[in-house]
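Okay, here's what each chain looks like letter by letter:
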Amino acid sequence: MSGLSEDTRALLDAARDGDDPSEGDRSRVRAAIARRIAIGAAAGAAVATASHVAGGATSAAAGAVSAGTATVATAGTVATTSIAAGAMGGGTAAAIVTSLGAKILVSVAIVSAVGAGTATYVKHEAAKRAVPTVSAAAPVTPSRSMETASEAAPVRPAAPVVAAPPVAPPPALPAAPEPVAPVAAAPVTAPAITPPAAAPTTSPLDAEVALLQEAHSALRANDGDRALRVAAEHGRRFPGGQLGEEFEATRVFALCELGRVDEARDGASRFLREHPRSPLAPRVANACEANAPSTF
Amino acid sequence: MTGHSSDVPLGTAVATARSPVPPAARPRFEDVYGEHFAFVWRSVRRLGIDMSAVDDVVQDVFLVAHRRMDDFEARSSMKTWLFGIALRVVRDHRRTLRRKPAQLGGTAAVETDMDGVHDASARGPLEHVTEREAARTLHALLDELDDDKRAVLVLAELEQMTVPEIAEAVETNVNTVYSRLRAARRELDAAVARYRIREEQKQWRSR
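Chains E and B, in that order, are what the protein sequence lines are. For the first sequence, position 92 matches number 92 in our numbering, and the numbering has no gaps at all. Counting from 1 along the second sequence, just add 1000 to a position and that's the residue number in our numbering.
Rather than coming from a laboratory, the hints here were simulated on the basis of the structure. Note that the structure is predicted; figures quoted are calculated from it, not measured. Yeah, the Cβ is synthetic: ideal placement off N, Cα and C, and Gly gets one too. Incorrect hints may have been included.
Stated by the list, open to error - Here chain E is said to cover these stretches of chain B; the calculated rule only asks that three of the stretch's residues, wherever they fall, bring their Cβ under 8 Å from a Cβ of chain E:
| hint | region |
| --- | --- |
| 1 | 1033 to 1047 |
| 2 | 1052 to 1064 |
| 3 | 1077 to 1085 |
| 4 | 1192 to 1205 |
All chains should be modelled from the sequences, with the hints used to inform the complete structure.
This is the structure:
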């Protein structure tokens, strides 16, 4: 069946390939998705540390899913660990996102969906870059900065997102794509992370995400020393990395965990000065106070 | 959007994806993204999302797909499933925009774009220098169709999907798809004709 005029047909033919994305679009969006998924897992974990409450079944499962995905893009071992972690923490996270489209942060609520914190977080990041005055709690306008960039420079390097970190590549890319056996929730103990399993999905962001997961698993195990070491490793390997903010928060949590309250407070004030609108800000502000230091 | 599909944790997928025996019909998210990103991207554009919002909307489509991967198993085609998700996300996005009228979005910018695109050269109004220009013109004309007709037309004429596939993607029956498609073609033809006249007058005036 045809029934289209010649003009219409010609226009359709001319336009057919005009909507295809560039490689830059592909990697930029992929990085943003990985980020939204991964930070959802990390947010759940951070809250778990703060309150030590096992979550309700539904949202716990949700946490597990968000943790799991991060791992699709990263390493198997880390993945398995953080799934357990997400399951612990999911129920207590303190944010709700009503729908993927809306992404409005309600300050005190329950996580009803995967990646709740994440969606908001990414919006916040975008807003921070585009319009510095937008408050994190307001419904944020979609970021225009990235799109503008992509239109202006259609051929972008395959590096993820704005301000790709000056990175040393993750250590020892696996020669064989399957070095990681399906590990049964073995806690990651070595400070060095497992290299990403599948070469095509490897990116600096994946490596950062893996480190963040490791740091949070250390926090959940009340191992502040290890969390600090991982944060330091992140600072060394990814100066100016995309997840710097998360690692600064992690460091504050870890110092609280270790009872180094003064240092934690210093870190917290610095964090709040540099990232006043961060979704992590409330947790960082109350890092040592929210719960008795002994339970943190 | 509740993560009900989360009953089966992705951990299962992670573990099984590495085992020699593949799990049931559970696709890996990375594979789905790799294979269908371009399709989702251009579909979102063609459903009327402009460049300022396409990143967000495409991200949302894949996040929903990721969360609901379990629902996919019974489906025959990943493409039609993803398109169904895209339709819903696009609709939600538009609804949000309508509540914020100050915001530039949807189709508001297109007319302006088009004015810049066509100089009054010797070219006819429907000859475009680049595919992107042609696509921009097409989007503006597709804006004249309602959402249902637009979706059907995009899948039939630009993605070359069959009518039964389209019926699955837009979750309706085959007869409805046929009638929407007939109407959509008629309306697009009319829109193209009007556009041509408009452009010819513009060129004539500028002489």
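Now for the hints, and whether the structure bears them out:
Beta-carbon proximity to chain E at under 8 Å applies to 8 residues in the region 1033 to 1047 of chain B; the threshold of 3 is reached and the given coverage holds. Counting residues of the region 1052 to 1064 of chain B whose beta carbon lies closer than 8 Å to any beta carbon of chain E gives 11, which meets the minimum of three for the stated coverage. Restraint check on the region 1077 to 1085 of chain B versus chain E: 0 residues with Cβ-Cβ distances below 8 Å, three needed, restraint violated. With 3 residues carrying a beta carbon less than 8 Å from a beta carbon of chain E, the region 1192 to 1205 of chain B meets the three-residue requirement, and the given coverage holds.
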